[in-house]
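Trainee: Same order as they appear, the protein sequences are chains H and R.
With this note's numbering applied, the first sequence closes on residue 116, and no number is skipped along the way.
With this note's numbering applied, the second sequence closes on residue 126, and no number is skipped along the way.
Each hint should be verified, as a subset may be incorrect.
In the DSS-like style, the derived pairs of lysine-lysine whose C-alpha atoms are separated by at most 25 Å in a straight line are [unchecked claim]:
#, chain 1, residue 1, chain 2, residue 2
1, H, Lys43, R, Lys52
2, R, Lys57, H, Lys43
3, R, Lys57, H, Lys22
4, R, Lys72, R, Lys37
5, R, Lys57, H, Lys16
6, H, Lys43, R, Lys37
7, R, Lys72, R, Lys83
8, H, Lys68, H, Lys43
9, H, Lys22, H, Lys66
10, H, Lys16, H, Lys68
No lab work stands behind these hints: they were computed from the structure.
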Amino acid sequence: GAVVSQHPSRVICKSGTSVKIECRSLDFQATTMFWYRQFPKQSLMLMATSNEGSKATYEQGVEKDKFLINHASLTLSTLTVTSAHPEDSSFYICSVPSGYAGYTFGSGTRLTVV
Amino acid sequence: GENVEQHPSTLSVQEGDSAVIKCTYSDSASNYFPWYKQELGKRPQLIIDIRSNVGEKKDQRIAVTLNKTAKHFSLHITETQPEDSAVYFCAATPGYSTLTFGKGTMLLVSP
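Okay, chain R solo, but in the shape it has when bound:
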C-alpha cells in the first residue's frame, strides 16, 4: 500500500517568513495529493490539493508543487501569520480510494 513520509514534524517561523513542508510517497499510482490544516480538536480542513497532471498550483499565500518522478510534493506558505499556526497533514491516494496521511507538521508562527 501507499506510504507517505512528511517532514519536518515541527516548524517554527517568524511572522512574515515562508514555511515549507515536504512529503514523499511510495505508490506511483497515486494521483491526488491534498493538504489539510487541522486545529486542535477540529476536523482537517482542505487548504489546497494537486493532481498528478499538474506540477504546481497556487492559491494566494499557499502553493503546492509536485514532482512525480521523485514522488515528492511540497506545501509552501508565504507571508506567514499567527493564524497559520496549526498541524498540517499531507496525503496521497491512487484515485478515489482511501487517503494515506503523513504524520503531520506542527507549524508555529511567532508574532
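Here chain H stands alone, though its shape is the one from the complex:
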C-alpha cells in the first residue's frame, strides 16, 4: 500500500485559533484522500473527501467553513480547523485509497483545544 505521513501528531491550541493538519502520500499519487474524526471510544467518522484540484465533499453535519480542506497536489491534502473550540478536540486521521492495496491511514493528529 501507500506510505502516508501525517503531521503534526499532537497539537494543543487555544480556543479561537486555527490549526492546520497535513497529510502526505509519499509514494502514491492520490487524487482522493479521506479525512476522519474519531472521538474517544468511538469509531472513525468520515468528515470529508478531499479531491485533488477541486472542492472537497463534506459529509452531512460537517461545517465546510470550519474545516477547510485543500488538496492542491497529488501528494498533499491539508485540513485546517478554524476558530477551534474545545468540542473540536478529537483524533483526526487521513486515509489514502491506494488501488488494489486498499486504504492506508496516516498516523493521526490528536488535537486538544484549551
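Use these hints to put chain R onto chain H, whose structure you have.
Mentor: Just chain R, lined up with the frame of chain H:
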C-alpha cells in the same frame, strides 16, 4: 449510503481461546471488506481483508468469512494472545470509495 453494524462491542476471552467478531452491511454494491486493529492513540492497521469474489480468507491465526447473500462478514482469531487486545473495526465499501466503519469491538485477552 452504506451502514455497517458490528457486534459485540466488547469481547473478553482467555488466552488461547478463539474470538469471533461479526458485521453486517446494507449496500449490496459493497465489494471490499477490510478489518482493522487499532491500539490506543494509534492509526488503524489493516489485519486482513476480503473481496466479494471470495468467501473465505485466512492468514495464520486470523480468518475472515463473507456471506454475500446475507450481507454478513466475520473475523475469526484463533489461539488468542494478550497482544491481540485492541479495538477491532470492520468496514465496507463499494469499490474505491469511502470506507464505512462499524462501531468497533474492544477485544480483551486475559493471560
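Trainee: The structure should be examined with respect to each hint, and the outcome stated for every one.
Mentor: Checked hints:
no.	hint	result
1	H:Lys43 x R:Lys52	holds (14 Å)
2	R:Lys57 x H:Lys43	holds (13 Å)
3	R:Lys57 x H:Lys22	holds (19 Å)
4	R:Lys72 x R:Lys37	holds (15 Å)
5	R:Lys57 x H:Lys16	holds (24 Å)
6	H:Lys43 x R:Lys37	holds (19 Å)
7	R:Lys72 x R:Lys83	holds (14 Å)
8	H:Lys68 x H:Lys43	holds (24 Å)
9	H:Lys22 x H:Lys66	holds (14 Å)
10	H:Lys16 x H:Lys68	holds (16 Å)
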